[in-house]
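Those protein sequence lines, which keep their order, are chains A and B.
Under the numbering used here, the first residue of the first sequence carries the number 1, and numbering increases by one thereafter.
Under the numbering used here, the first residue of the second sequence carries the number 10001, and numbering increases by one thereafter.
Among the clues, some could well be false.
Under the rule of at most 30 Å between Cα atoms (straight-line distance), these lysine-lysine pairs were calculated in the BS3-like manner [said to hold, decoys possible]: (1) K10287/B <-> K332/A; (2) K10285/B <-> K10339/B; (3) K10343/B <-> K10210/B; (4) K442/A <-> K10339/B; (5) K10092/B <-> K332/A.
The hints are simulated quantities; they were obtained by calculation from the structure and are not laboratory data.
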Amino acid sequence: MQQLNKVLILGSGALKIGQAGEFDYSGSQALKALKEEGTQTILINPNIATIQTSRLLADRIYFLPVTPYFVEKIIEREQPDGILLSFGGQTALNCGIELYEQGILAKHHVEILGTPISAIILTEDRQKFAEHLHGITIPTPHSQSATSLQQALAIGEKIGFPIMVRAGFALGGQGSGIAHNADELENIVTNALSFAPQVLIEQYLHHYKEVEYEVVRDCYDNCITICNMENMDPLGIHTGESIVVAPSQTLTNEEYHMLRAASIAIVRSLGIVGECNVQFALDPITSAYYVIEVNARLSRSSALASKVTGYPLAYVAAKLALGYGLPELANKVTGVTRACFEPSLDYLVIKMPRWDLAKFRGVDETIGTGMKSVGEVMGIGRTFEEAYQKALRMLEQNFEGATPPDNFFASLEEAEHYLATPTPKRVFAIARALQAGYPLEKIHDITGIDLWFLRRIQNIIDAENTIQTHHTLDTITANELHEIKQLGISDKRIGELTGYNELEVRTQRQQLGVLPSVFQIDTLAAEFPSHTNYLYMTYNGQHNDVQPFANRGVIVLGSGPYRIGSSVEFDWTSVSTVEALKKYQKHSIIINCNPETVSTDYDVSERLYFEELTFERIADIYDFEAPHGLIVSVGGQTPNNQARALRAYGCTLLGTRAQDIDRAENRSTFSRLLDTLSVQQPEWNSFNTLEDLAAFAGKVGYPVLVRPSYVLSGNAMKVCDTLEELVRYTQEAAALSPDHPVTVSKFFEDAREIEFDAVAQSGQVKAHVISEHIENAGVHSGDATIVLPPQSIPTTIQDKVIQIGHRIAAALSITGPFNIQFLLKDSQIYVIETNLRASRTFPFISKVTGINFMELFVDALFEDEIPEVTIPTIPFTPLKAAQFSFARLTNADPTLGVEMASTGEVACFGEDMEEAYLKAMIATGYQVPQKGIFISLRGDDKQAAFEESLPHLQALDLPLYATEDTWHFLRQRGITATLLHHPEEQAEPTVEDSFRNQHIDLAIIIEAGRLHTDFDAYYTMRRLAIDCNIPLITKIKQARLFLKALANKDLATIPIKAWDEYQVVESQTTTPDIERPLVGNRG
Amino acid sequence: MRNNGGAPLQSHGRDTQMAHGKIGSAGQYGTLVLEDGTRFEGKSFGYAQSQAGEVVFSTGMVGYPEAFTDASFAGQILVLTYPLTGNYGVPKESLWEDDRIHIRGLVVSNYVDTPFHAQSTMTLSTWLQQEKVPALEIKDTRQLTQHIRTYGAMLGKIIFEQDIPFHDPNQDNLIAQVSSREVTTSGHGKKTIALIDCGTKRNIVRCLLKRDLQIVSMPWDYDLFATTNDFHFDGIIISNGPGNPKLATSTIQTIRTALDNNVPTLGICMGNQLLTLAAGGTTYKMKFGHRSQNQPCLMHNTQRCYITTQNHGFAVDEIPEGFEPWFINANDGTNEGIKHTSKPFMSVQFHPEAAPGPVDTEWVFDYFLEQCSCNN
Ligand SMILES: Nc1ncnc2c1ncn2[C@@H]1O[C@H](COP(=O)(O)OP(=O)(O)O)[C@@H](O)[C@H]1O
Ligand SMILES: Nc1ncnc2c1ncn2[C@@H]1O[C@H](COP(=O)(O)OP(=O)(O)O)[C@@H](O)[C@H]1O
Ligand SMILES: [Mg+2]
Ligand SMILES: [Mg+2]
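Here chain B stands alone, though its shape is the one from the complex (with noise of 0.2 Å):
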């Protein structure tokens, strides 16, 4: 059945029971239904409990516990475009980019409930069920991406039994559910980098404990400029996050300060968001946003392109004053990044640490790390 333009879609729901003996494996089912009427039923192999989000897709193709367990996904129910998920299963928590799986709610084409890896703990269907995660096996997740691609990212919810109402998770200030509570400190690194917790993806601090750093990781709305704040930092560095940047106000106001102070300074992702907004710029919500790990970034007048892991639905708008623009997306000319035309004030919108994706921007960080030092 094809995708009649506009109209919402209704699926035959023809692949959703199940056939006899091994065909498939036995399960509950449930419905994707978006904003719009479109219902898509599917095999459920996650926690099936009625579950309201953003729906977001991404076409990355290797990666799905980094990607779950990034607090950037908070309140959006993922559509991974790749079509086989699970093969590997789950490593161990120490592997994972936070505590917990972020994602409100998962869909893929085919699950794998048969994984082979020396890593692997457990398959990723019981993995869900421990989070309370609803996943969903509905086998065109071709045709819901086009949709999502034509008519942008949308409000949706994945029901079982009873049904719930829709629920906009940018309405939501996001970073302060997934922002970390209490100030802690890593590394034992000379150079000390204050890390303002958006809902950071553990991998940067990895790539920074690997720079022998001291880290001292803070709360979104911590007062970092506090006259009781004792500790000295030679930089800062704004993590990525969920949802809508402008709700973030405190840490929008930590930053103005540092920048009045010239404090060096580095935005990842969110952070792009929270510089531009601190320093005078603004933001906007895109059609349904970059997820994937193959964005073509272009550094601005340059012919050096990067290929890099991104996932953001808000992005740069007016890029402030004295700033000027660091990275263009090779593919839809958005913005990738901003950087201060004379102070050490930087920020990009892809993700430099990576996991899940590509390497190819960790150098990211020993830039702003001189800018650090030449700075006292």
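Just chain A, same shape as in the assembly (with noise of 0.2 Å):
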């Protein structure tokens, strides 16, 4: 094995529907096996919110896009031995494809790691591969690849319809879907191509069990297979939009035995070195099968797989990839036994994947063939009913179990269209038909779901029309209880079948002595002793594998499924908490949800719960533990939520008083607080009848913007600019939440956004940063481009805003992280919402600054009084953007709103704003425009407002084109432009053919203000720009900055350099004397 000195990892860049946070697991895994070996690990990577770009992980990390130019770049630099490609995705892989095939790693001599790149391109060629496979006598669904559309048509008419039409070098299905005639084809297949070099037409097979193994192989030709996987839903739906459960369920030995053997056979024949997926297509009648594809890198499914048995499936792989053999490596989980073996489960978990469509406009909703999830959860259970349930309520989204809530359908016929209809809502769909008496064989002929899972759902339908017919709470047996619980169903649920509410349930349940075990997950099914800390609870047993830590346990939450507005920052808060109690002696103890996640690691936590966030679960652990505490302040705003019930339990909640918590929260008693420190917020009130709503809107003046109380990222907000719109929206929102009234604050227009980010210690702050908005408030802060520290902020303002946090801090007697909002407008600001927790900021603070405000807060715990920290200054500029996944969301409308709707973000620093937002750009899939760029502006504001980069625009040189209005504004500024036209219009050429025809690499579509009239053009020329592949832009600031970048900037000039390489500089920065009065007329 020869020795490497320096390796290069290739990291997946922002998380985007599709390619999500399992890749910071494989990638920190990665790391960490190299570590081992002392190799030196350079890690590309510009998604500064993972753990993986952590001092603590990779030597040296660059917050650079993941793009063969700066990969080649950081080569040139760093002159590595080797490089590492499949830990990063999609992202890493194709990056690498390009690197090889033009050369630049032959040309610097880094050798690729792992499977050989051969490999990873022939299983990217959907044609080329399914040959291959044919050579090793293994059957591919009948197919076809196409480059043109012609030839797509041609093809299908052979093959006959319903087709499967694929797009290669994608990830996530993107482009893929089901065509039932040659207008469906049509429409799939321009699509596609717009973005992908092929399609494959193929056999569409309807119906069929979808079944994955996850193979391991070393350079001796040992190969295992770590776990099968067996999909819910039949195939034609995504394995990331399946409900999957593992291992496989209805398969015989025959089964799992002929496609296990087939994995193997592939694997071989591709010569993968490391680790591989492979999905199968299985006839539930004559168990003839297909293959569907492979993917030769760590993929989600692997990251599932390696939660799912306790394998550390990404570490073996990197070691593997240096060359080992696995019986040399040890399995790290029970000490004593070998890595080379199949993992034995002595349970059975559930994936379920996590939608926010609700969010988006226009949004189709139907779930297929390509992916649409933002995130995941794992059930661990005894029984299907126990792992199923617990995933239904990981899910966050409010579902007590396998039943629906009370009017979720309004309809039996809206429950039967959603039977027949895939949409997240579909197994609440099947349990409805459940309970309305449907027949198992007509629910299974209409969603083809295998009848053995029906059953199942059936058991607890059953189960639960039971103990609304038998049970009373003081009657019911503890044997009763038990086997109740022993198919899943909680507390609440049981309460709410009983008439009682959770706690009652609570108390009956533990006088009768029925209490959930605490089994481990030890990879062989207790045939050997093992010490891992891999944890979950089941009423399936009568006995605990562990025993409690006491008073040295601290229970950490974790932030559950990843979603839209809490996603892998708070992973990184939750690790770099665990981490700092280290320094305390304190064990830590994670619960958490979600297989994508570090935390979730088996070496990353003292103890680890795999479990619910829910308030039963996390109680019944802490009764179990009986910790010292319990930090609800670091997970985001899921474990945020529970602090109220937890305190009331009697947890002891480590930092902020609970009851502050809810001060914060809770916008009324909030308010009040501000207005006794005499703290401006924008005139705001609650009402419960539209009258009084109105009545308001009135006085302060429109726009206002409307929402319910307890919301997470823009969650149904809602900025209404007239009286109708206030009316129409106001019935839909307080539909989605009766328990809250709805509340209307006066919203501004042209006001500036700032963060004030914190950690506080018994009210005192003892580290702040303040960080501003590009956009104008108006864009979610999840959604806005950020920097720090603040470019156009008078010190004035930042003085003031210091002093509001400090006050804030005070009042609330804050211990630990906390976030606020401001707005700006007309040199007065205005609180809009504090946090008291970790806010998505705080990677980037920290990172940025240097200073771990997460280790911060854990000192504030454990030392009496902890030092003010003074932030250095920093004489370069960080700047975080977000990244979109528009193009998954079929007609979803891509514009910024106080709706949060990306899916990730990445961080890049420069000399100054220009060049990091040039590079973030990059990052987030923007590119430098070579051919030609449509402008768009709508009213005079905004074409007065884009004067300003009309000379950067020319500077570029490129051909542009507009429509009516804007070309007229360019042709006065002596600007020529190509002019196209809208649709009705009639005329030539229109805007949708220079978007096919791919001559424009750059869309700037600005709104005039709001959008007032939904999917109108304007809407279909966003949407055709984002399904075109058209980088598109639709915020004023950002087209400015973007444009004026590109103009200033040379790509071939920009500083390539390392974090390390952007040093900050120690400083005296004075804090403002608080005691200074505030002159503040209120809102």
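Using the hints, build the complex out of the two chains.
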């Protein structure tokens, strides 16, 4: 085994649909594996919120785009011996393939470690790969590839409809779909070919079982399967969109091993060294099978398999890439056995996707062969019912289990519709249908879901009926209750069915001694003793595998599923907290249910409960462990929402007191508090009647911002410009959350937005950072571009911000992380909201300033008084930008508003804002335009605002395209552009043509103010740009900055520097005298 | 309630009664009693008749019909660590590993009485009742497994109304009970293999038929080298089988003769232990054996490791003179097969015929058959 001195690892960049947190897990494990070898590691990943981009893991980190251009520059500087391509998802893989094909890796003598690149390329070319498989007599669906529409149509006719269309070199099923006729085929193919070189036209396999295998192979040709997984949804629903159960439940030994043997044959034929995922279609009747695809890299499924089994797949894959053999590696979990074995489970798990489709106007809610989900959860149990209902509760969407909330469906007809059309609602349509007495066979015929699974759901429905009809809480026996809990029915649900509240059920359950058991996940089904920290709870047992930590233990509540508004940043805050706890000899106990996270890794915490973040389960664990305390402020809003109930139950919360958290979360109490502190906030009020609402809006004047209380990431928020809008919206919104009054506030236009992030101890701010949004308020803070230190905020204002921060910290006697969002309007500052928890920006500010704010928080918990930390001066410009996934969300309107829409983020550093912004834009999928720019500015104000960009536009010297108004505007300024027409203008050339013909590689489409009319011609243009894979900008400030950056910066000369080359300077920042009275005319 | 080391466990039995209506399936209750006094109560889903045997656990996650009909389990009460059993029902008899169930009793965490599979002909419960095999659903099979792992495989009984004494199957000549009574011939290949049936799994025969051979299957105590015996054979395969190898004296005698006559010989599982004894090696009873489908076997002095199916409670201790280790268990270092340094004698402790389990070592048959050819 040759000794490598320096190895380059490509990360996956920002989280996007189809490529999410799982690659932080795989990258982090790879880095650990290399560190053990004493190999120097260089990581390229602009995703600053990840754990892998923490100093403790990689020796050197570049917050730069994972594109061939930047990677080559870095290779030139670093001269690594080897490169790992399979730990950064499709992004890293595609980048690696390009580097290889351009001969860059050979030129710099960089060896590709692990699986040979030829194999990777082969698996990515669906046509060639099918031929390869036939060569080793392994069947694939009848198919043929096409590079043009005509070709595709011809093949379609030949194969016969319905047919499956898939795009080559794409991920998460992007561009794929099922065509039932030539028209649908034409749509799918034109769309797919606008970003993929090749499509595969394939025979559609109706209602086949979909089964996956995770295979590992070493350079000695040892080949094992770590896990097999069965999709509950039939083929046709992407594995990332399917409910997945592991191990397979409905396969016989013959089927299981036929597919296992095929996976191994394939992996051997490809010469994989490391990890590989194989997907099969299995005929439920004849047991005939076809290969769907192979991913010759770590994937979402392999991350899942790793959490399913406890087998550290990514870690092992990295070691194998370095030349180790499987028998040489120890089984990290048991410590006594080898890594060369196939895990045996004495439990089963259910993975469920988390969707956030409701957030997107106009989005098509059906699910299919392309991914739309933004995250996932994993329920562990010893009956299907137990694991299944855990998973549903883990989704954090207020489901109590298998049965839908009352009037979840308006009618049985609606439920029927959702039975036939696959959407996130289907599982509840099934439950509803079963409640209504539909025969299993009928549901099976409609959905294609195996009867075995349907029968399990039936079992839950039956149990619920029995509870409702036979049981009352005071007569129920321990055995009855125990059998109910063995089906995973929650206390709350039992309460609903028997007419009690959750706590009454809990008390009764405890009195009857019906308690969950704590079981270990040990990879060998108890065949060998093991000291693993990986735990779950089940009622299908009567003993505990571990002893409580008692006072040594500290529970840290994790983030739960990734979703829009709560993502990998909260895994970083959790893991950083766990790290910091070590310093105080506390045993960290993580509770989390998200298999994509690093916090659920086998070697991160002292103890991991892979469990629900529900009150019931947290309380169970708290009761069992009897820990020193519990931390709710580092996992985002999910744990934060549990604070009150947990405190009431008697849990010791470490940090800010629950009632103070409440005072900040509750708008009325909070605004009363602000008044007493004479701090301004946008005038607001809550109402239960439309009359009062309208009256208030009339008084403060439109626009107004309407929302329910306790919101996360702009959920159900809307800006209303007119009374009509207000009326229409409040009806919908009220329906959204009946038990919350509608809140309305004065909405400020053209206001700046400022973030204040800090850590306090007993009410005293110990460290703080102010950052500034580039976009105006009105773009959700999660979508906004954020720079620090502020570029355009006067110090007087910053001082006021600091003062207010201090006052609020004192008033709420905060101990821990918190975040305040400010508006700046006419040099007045207003507080929008305060979160008494770590915010989305904490990884960013911690990594930029070099001060780990989570460490500071833990110090604040365990030390009497920690010194105030002066933030160093930052002589460079770090900038954080959002990543959007509109391309996946068919028909969604790609605009920005008060509702958060982004799925991820990146951060890049630069000498100035232009440089940092250019890098960040490229890191989020934009490119330097080469062909042409399309511009459409609505309204005179936008045109005026664009004036300053005209010189930059001209400097770029590219063909310009515009629609009529903008075309005139440009011509008046002496700028020539090609006039493009809307469809209704009946004139050539049309916008659509030039978009589709790829004449344009940057589209600037700016709305006048907010969108008044939905789905107009401008919506069509925006959507078309996305569907043609043309980078789109919809905010004037972004357009101006981007054009300026393009004009003033030249990629060729842009500095390529590692994180450690951006040095902060220790400084004596004077904290302003807090006593200075604050002049403020109240809103 | 915890496993308070050594002391007998007492089940609350709280898992064991039935709630109203459809929660759980209606049924009788029985008790699993271990020789150390540990008791587990459970819902019965098999034939409600008391049975005694040796309690062992298997960690395989799939293939219960194959396992239950594997004669190597004769005399044993099998605990499955995978919590769900019965999912895909019972296939037709031709797909079994023998014409009947061999386990003496079954213990699982959750029995699924609603199987769905195209191949299913009946529910597991129906099958167990037809074959008069008792089965219990106790919830904490993990605790039971840990107990056996810690204190070793032990005698036990599943009792209903009437209690019965413990019984040690390893005192019986189990091979004699499961071996076929007469000589049968199958296949029409040019080459002939003599298959000594100590309780052979059908898949051994299937594997050989696939390789176009004639197979003459004979009882364990059949005198293969008797002058009266007229048929020619190119090699001998000694099958898997239950119990203590030392009791199969006549088979050991046959193998000795085979070795003396340089007849190519392959032993499988029990066959591995019998070849060892015949060649002058020794065997011993393991603490709780290997019963799983994920046992890693390193080919001696190589980096090649195979995932194998295993089902044995005895193992090879001293390797006989002239032989060398062929495979070693990568987890616990126990012997997994031996091979003669110069002659065509070899045996494996695992199951190259799989069923249930991974098919990765089927090549062992081909390797052996090559030896047969070069031998004459
Ligand atoms: N021939 C087919 N018939 C029906 N469904 C299919 C077919 N091929 C693929 N699918 C479905 O499409 C999904 C995505 O296809 P896949 O090749 O796995 O794309 P990706 O590379 O995005 O995972 C699969 O998970 C499967 O459910
Ligand atoms: N009164 C207001 N005027 C203008 N913009 C506002 C106002 N209130 C909120 N916003 C915008 O809406 C976004 C979301 O509002 P916020 O209260 O922070 O919701 P969330 O709890 O989802 O973060 C803010 O980031 C800001 O851009
Ligand atoms: Mg796939
Ligand atoms: Mg906010």
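Evaluated hints:
Among the hinted pairs, K10287/B with K332/A is consistent with the structure: their alpha-carbon atoms are about 24 Å apart, no more than 30 Å. At most 30 Å may separate the alpha-carbon atoms for a hinted pair to count; K10285/B and K10339/B meet this at roughly 21 Å. Straight-line distance between C-alpha atoms of K10343/B and K10210/B comes to about 26 Å, which keeps the hinted pair within the 30 Å bound. Restraint check for K442/A and K10339/B: the C-alpha separation of about 58 Å exceeds 30 Å, so the hint is violated.
With a C-alpha separation of about 42 Å, the suggested pair K10092/B and K332/A falls outside the 30 Å cut-off, and the hint is violated.
Of the numbered hints listed earlier, those contradicted by the structure are 4 and 5.
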